[in-house]
Amino acid sequence: MQERIERLKEQFETELNKARTGEAAEALRISYLGKKGAVTELLKGLKDASNDQRKEIGLHVNQLKKYAETLIQQKVEEIKKAEIEKLVNSAEKYDVTLPSEDNVGSYTPITLVQRQLEEIFSSMGFTIEDFSEIVNDYQCFESLNIPEFHPARDTHDTYYLENGQVLKTHTSAAQNAIMRKYGPPLRAIFPGRCFRNESTDASHETTFFQMEGIMIDKDISISNLIYFMKKMLSEVFERDVKVRLRPGFFPFVEPGFELDINCLICGGDGCPSCKNSGWLELCPCGMIHPNVLKMAGIDPDEYTGFAFGLGLTRLAMMKYGVKDIRDFNSGNLKSLSQFKHE
Amino acid sequence: MLISMNWIQEFVDLSGLNQEELIQRFTLSTAEVEGIEYKGRELRDVVAGKILSVEKHPDSKKLHLLKVDAGNKIYDVVCGAPNVREGLIVPFVKEGGFAGGMDIKATKIAGYESFGMCCSEAELGISDGHGGLMELPEDTTVGTDITELYQIKDIVFEVDNKSLTNRPDLWGHYGIAREFSALTGRPLNPLVTADVHQYDSLEPVEVKVADTERCFRYCGMKVKNINEKTSPVNMRIRLFYCGTRAINLLADLTNYVMLETSQPTHAFDSRKVNSIEVKRFDKPFTFKTLDGVEREIDENTLMICNEKEPVAIAGIMGGLESEIEDDTDSLLLEAANFAPVGVRKSSSRLGLRTDASMRFEKTLDPEMTVDAIGRILKLLQEIDSGVEVSSRLTDVYANHYPEIELQFDKTFVDRYTGISISDKEIVKTLSALGFGVTLNNGAFDVKVPSWRSTKDVTMKADIIEEITRIYGYDNFDIQTTKTAIKPVRRSAANLCDNFAKDILVHNYHLHEVNSYIWYDSKKLKKLGIVPDQNVRLSNAMTPENEMIRSSMVPSLLTFVQENKGFAASFGIFEIGRVVQGLKEDKNCNERKKLGIVLFSKTEQEKDLFFRLREMLALLSSSIKHKNFSFEGTEAKYDWQHPMNTAKILSDEKEVGFLSVIHPVVQGSLDKKACIVCAEIDMDTFAEEVSAEEIRYQQPSKYPGIDIDLSLWVPEGIFFADMEKAWQDTDKELLKKVSLFDTFVDGGKKSVTLRFSFQSQSKTLTREEVQPQTDAILEKLAEHGMTLKGN
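Chain order of the listed sequences is A and B.
Under the numbering used here, think of the first position of the first sequence as 1, with each following residue one higher.
Under the numbering used here, think of the first position of the second sequence as 1, with each following residue one higher.
With the rest of the complex left out, here is chain B (with noise of 0.2 Å):
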């Protein structure tokens, strides 16, 4: 929102105070302003110029040569504008002033020397028209620099509309005027309205309101008798500055007192509507409304009508039907207040914000309606005295505001600040910003204002900003808390998930991304993925992205598309979240995963496969102290290779896969390289799966003994059912079984392995292992596996 200073200073006297200062003060008090414009500050010397003598141009239709007098001299100047004639008094810069945005200088145009230039409102700054000349009156003294005429100097600041969603009050001049008269002490004046009860005695408007939930209330009014139909300059000055276009008088007038005020208003033309009436209709409908769309309206939406004929949309927009128009001369004025939550809902269903919408929404003060009538009339009567009020000021309160008072002791205020602020300044800075303070032996009484007590201020604690804020945070004395501090353990989630960052970067010299939650399927389409069914999203921004990840891999797999340039072998991770389907209560099963990715361009898929399986291992150990258990498993994503993708085990739960890349999906990525993943369930990982903890073993003293077997071996015997064979075997004994050695001899697969056993209390020899050794290989031999050479 745009405020004028101008407009300011109307209601608090500033004067010998730095503005630029103020502003600051209200950006750390108040709301953020985002910015600070020096209006009409590069004017130069333009003042009121009378045209003396037009005389056409020999060679041009639009030029004409003129003679301006400027008050102290009279310049010879050549002039485009359409409405140049005989005694116009016009804003006139001189030779070596500014205006427009450039510096005027004696020039020459079409052949004849020009020492000035004419200036039209849009070349002051002062609105956006292209309509010529600016007309001065005819009794302006010529040579009056155009500043001192009107209000063209101001400093205009923006502040942002977010940080005034809960201050309904800040949504007009006056109330930002409160602010600045609470900050400098200075006091505010109050807002000057006509005595609207003067008319009591006049006819009522009929005004039935239908809806109490919907309109709190419904203040209406007749005037008559309008012919003015131009606003002042300095009101459409501060009307654009404040970035409303100026239209008519009567339309500037509801939109001058909204922004001055924060009430909007509505104008309809009397010959239009006669009585009111709001309501909901039971049908939908279509209404057009004064910008000229015609727009659905639902049984929902809470409408203004003049009999049973639909005028505006309550609180959003009037209709084009009961328009101002230019030959308008009465009107029946509307300041009402509607309810936010109605007013938000129907103005985001009609995709229909407007300046009166996003007020209402605030939840506006009740009690302003008033005063925004007694203001409108006010300002007309000024502005045009022969205007005549031509009903009575019709009410209809359904209801009022909450009136609320609130109780608390310097005790309450000490402990929530931290610091002590005198009773005083607190008396001082509430009576300031409006409210009703009487202090009592220490207890404070405060009654809040109507324009807070909406929804801004209603409890204790709102009242301790608005002490703070006056008082100044740059003026806290700042200090530690008092309770001591207890030590802290990390949780066995966080040392996981930072452990495995840690041995993916240092140990393995992977990469760690983010991607996003959703599949991007049109990137999966490229590599010949099909995202699985899981949860969408209901609105995502393209169809493309709205179905929720199940697995990390796929969005690891688009990166490594993306980076095969990046190395000829490198790899990524990532910890992220994805969704397994719906809970029984329906809310997402959502779990937090490691996937890894590895990509080679030059080594064997089945050495990057074992790599990833020996990453995997190492996590395992390092952070639980035991290893993972592997077991082949089919493949469940239709990107997972069907012949190598493994479960991964702990503590019997399993706990993600590792998996080489399909083929096809390979193939898509890059035909020379070789891709594996795995995933790990971190949430499983690390709470569900328990830590192995050390316990001490004396080394044993006695030299162990080696037994080397090597065997046949027949097809689709894996190491884990060689395994079982010495599953039995006492663990005090045998201490290790290594893998020796694989070899395929004429066809046949033989293995060695290399059990060692050890003892704790003597030297083992051959002999004494024997019975163990051969218990094994009798096993072994049951699934077919024999000794060789035998």
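Only chain A is shown next, with the shape it has when bound in the complex (with noise of 0.2 Å):
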């Protein structure tokens, strides 16, 4: 009987070693370890023998079947791990490093400046108006306190339209309606595109993008204009920037101011672009002159406020080093098609 069982044992051994799938491995258990099977065979033949050989021989058996069970488990698991070892070498390899398509539209400079300020604007509690491109004279200067053959209207080359109407000159024009609208307290920010009628060289346009601002509550004062206007424009170069005030004549302001930023190529130095001076001229500002917020019904005696321009253009065009401002109109999108992100 010893006999049989070690017989049996070299016997599945060597089928084993031949078994080289997951099938084969299953038949294999069937046939030694299923119902019918060699093993399970071998423990029916004790039904004739002696207490004492049965628990002897048994224990050879069931030693012989766990033995078998085992191993046919390992080589279950060993034909598996080959299979998917094969499956995944013989996957192709893909070249990662081939050309990828850069095929990205694109926004103009203009609307990713223009974002980035309504965002800054934003978080300060302003809110973004949009206005009308064609306006009236009156939008445009008179409730601007720019009355007819004020000397201020010279430097507008304005665009009129045959049926009296302008286009609009500066952003400006939307304050009286926009302080209407709303009435004190008031904090908004109005992008739009102005014109003027003027020849184009590479710092001219007829037709560019400005973005206005206005704050009004009781007792906005000089200090609080100079403090918003510093801290915006640290916020789009994203460092502190140095400014300065100087007076500059607008007729809807009252003290007028030109801000000035440290020239952000020469550092301050005196370069080409700063005419030497070492300062960009950048932002007209002012406090709101008492003649425009009484024509927008607002009391000047109760109120006060500021208002500010940027061009977004001039913006543009240092934020991204563009020399020629016709490029923005220009259409053409060898150079437009480069501003892919915000």
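The set of hints was computed from the structure by calculation and includes no laboratory data.
It cannot be assumed that every hint is accurate.
What the hints assert, rightly or not - Derived pair list, reagent style DSS-like, types lysine-lysine, alpha-carbon separation capped at 30 Å: (1) B:K447 x A:K294; (2) A:K218 x B:K455; (3) B:K162 x B:K523.
Stated by the list, open to error - Negatives, chain A to chain B, calculated, CB over 12 Å: (4) E3; (5) L42; (6) L43.
For clarity, every value in this text was computed on a predicted model and none was experimentally measured.
For glycine and all other residues, C-beta sits at the position ideal for the given N, C-alpha and C.
Using the hints, build the complex out of the two chains.
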């Protein structure tokens, strides 16, 4: 009997060695350990043996059964592993270094700069307003304390339309309407496209973008104006910028200022970009003229406010190093497609 | 405007101060300085040299050989100037010196050694004339440095005229000097004038002012027996440095006093002009101004007349007839004040802007007229002691300047500035600027001086500027506001624009562009597009660019044309403005539009068209959470394809169009490409189309059932026609209808539709949806669509 067990064990080992697939291993399990399998049969043959013999042989058969089970289990796992390995190894290795297509669209640089400013001002509690490009004389001039024949009109090079309206020469043209719409207190910015009827060159365009901002409340002061301008410009240029204010004349503010920033190109040492002054004129601003408040129905004795105008086109030129202002309206995708992301 | 620091220092002593720093402070406190020039600084070793002998050069007609005494040494010099003569004293550059933009070295000229150069005024940089050598007075000490003899060394700075628009007082050196006085705390010297009232016993000049609305003040005075013809050198240098060419003494004096006081004056030859009448004429006529140009004078132009004869255009330019000539020895001096708007209108109508008209436009101080005459007289008497005054000063002062007094307290100043400037500082600053200030128990009472009250300082806010600009904005303590920040919400329009841009750029790789608001009819013509009639610009630079656009698409098409080589396929878009005619109030009907144009050389037109439609659908479902509907329509513009143009609808409103570009335009743009376009009215889309809200529904637990129906579809039937067949079907059961398949079978069109049914409460069987499908089939049959295989 012992011999039969030994032979069966050897036979099993030989057959197991030959098994190459999961199916073969399974067949082996059935033929040895199944209900009618060889090992099971051995146990059946025990019924005639003595108690002691039964006990001893039973032990050996069970050992063989466990041994076979373990080996088959190992075999199955081995085969599975080999199959996975084969599957993995047979896969194609892709060339990740192949050139990839950079097919993305683009925004205009104005959109990018405008969004940045809108973000900054929104976070400071300013609403964003939209306004028409075609306005009437009252909006563009009269309501801004620029009556007919005021010398300040000279500097505007206004486009007139047949119906007497004008293409807005500055975003300030929206001031009166926005002040009327909301009344004080008020914080608003209004980006927009402006037009000047002048000859174009690398730094002059007939059509360009500005962004106006106003803040009106009780006790708004020059000190507040300087604070907001400085904060805003530091955010725009993402660093602490040096600014200076000097008197500037705009009929719709009093006092009026020109705000200069330290030249970004030379850092203030003087270069051709800043005409060797170290400063760049960036942003006219000032305390809103009492007449302008009055014309918008706001009592200047109760409320004060400041206004500023930023050249978005100019800012975009500075930010992205665009040398020729005409590139913006050129429609040339070789230029414009470079502005892919914010 | 050019300002000479030498001239300024005649009125305020700036000795010991750094002039560059002062000019810098002027920029920060008064007006923008555009540039600084250092005059005479480069001159080196230029002295008064006496020409001891003059010999003709043996081989040259023009050259002379000179011996020049430069004080310490006698130099051999070869000189080509025409006015060399023995005994003449001239500016002489010694060997090793510098003048006329060059180093003067010992050099051989036409075979002779030359060790220096005799100079003209141009070579000294004090004139642009070519009048030969500058002749110095006979009593000049030989060897004296030329810059010690005359005020050649100077610092001249240019002030941006634009920044002086509101400051009539700064159009002359005296006003600028007042600013320097306030900035430095140094006293301002009075303007030295002759006492014109000592001549009050003389005969008056006859002055009649017919138009007192246009002429506020007119002062006239006669002077005779003037023999001196040329202005002193220092006066000529100042004029030249300040951008005015010296002409003759009398013309120079009027210019000099204008640059000094900002008051323009005019000198008539009193042989030709004897009495004055200021008036307008009923009929137009021509008048020759002193620049020799015949000008059309209309009824609105104010004229200065001698008796009835016009002799000058008031405030703008004198006439040629009454001009000062070489032999003029008697004058009628005019110093007047004209209404700014009148001068401005006439000047722009005539296209003639002069130094005088520029100043009058700024609303000059009428109090300056008498001082200007007194100043001219004073200078004239200093230059020519023989001068006699031959009339009293006649002064017709019709319109006085407004006398303005302003009251405020320190609280007002503190509130406006946000900082605290002391009472003492306020009084000091305002006094230095010429304001009369009294301070009583914290209340300021300020009297505005005449030179600031014509329009510049009229209200309290104006005083704030005076105080703060001298205080210096750099010295401000800056702080944020005290008020609370309220949450802000972006407007629907703003969100809509930004969302649309993001979708088009990120999802569809389109490029955003900016184009002009007017049509470029020249470029459009090349594409075979004639701009539609719309409102025009009345002052366009070229007639090609005068028509305002009514659609974005033509502008975008010209860009597509110019970018043909950019890529085989690309798309551009812009959110911009168009005008669609005039509204009832005659104002432009301006609309904000999103224009999109796609161009492709690789895709089929139909695919491109449907890609654009998909873009629009995504735009709408992203922004408004619901799809657009589309409806074929007639072409509105001649660049649209008559067959494939569709309206875009939402909430039953027309929000735009989608269209294939007309084959003719497509052909002239690129024969091998196809182009499609769309336009959405962003005003309507953002403001008038409602956004679908999210209403959550629990997904059904029960499986649904798909019924596929294959139909024969007759010609001319669109999907929209089929849709009508299930519009009444219970939406609780019919969840979705999709187009499963379309094909043409033996010339007949066949369509397979998949109807997806699902119930919230049970598993549906084919039998249970049979009534629905039967009803649908019945309706389809009404339009000639029958089930295939039947």
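(Q) When the structure is checked against the list of hints, which entries are broken? Sort them ascending. (A) Hint 3 alone not satisfied by this model.
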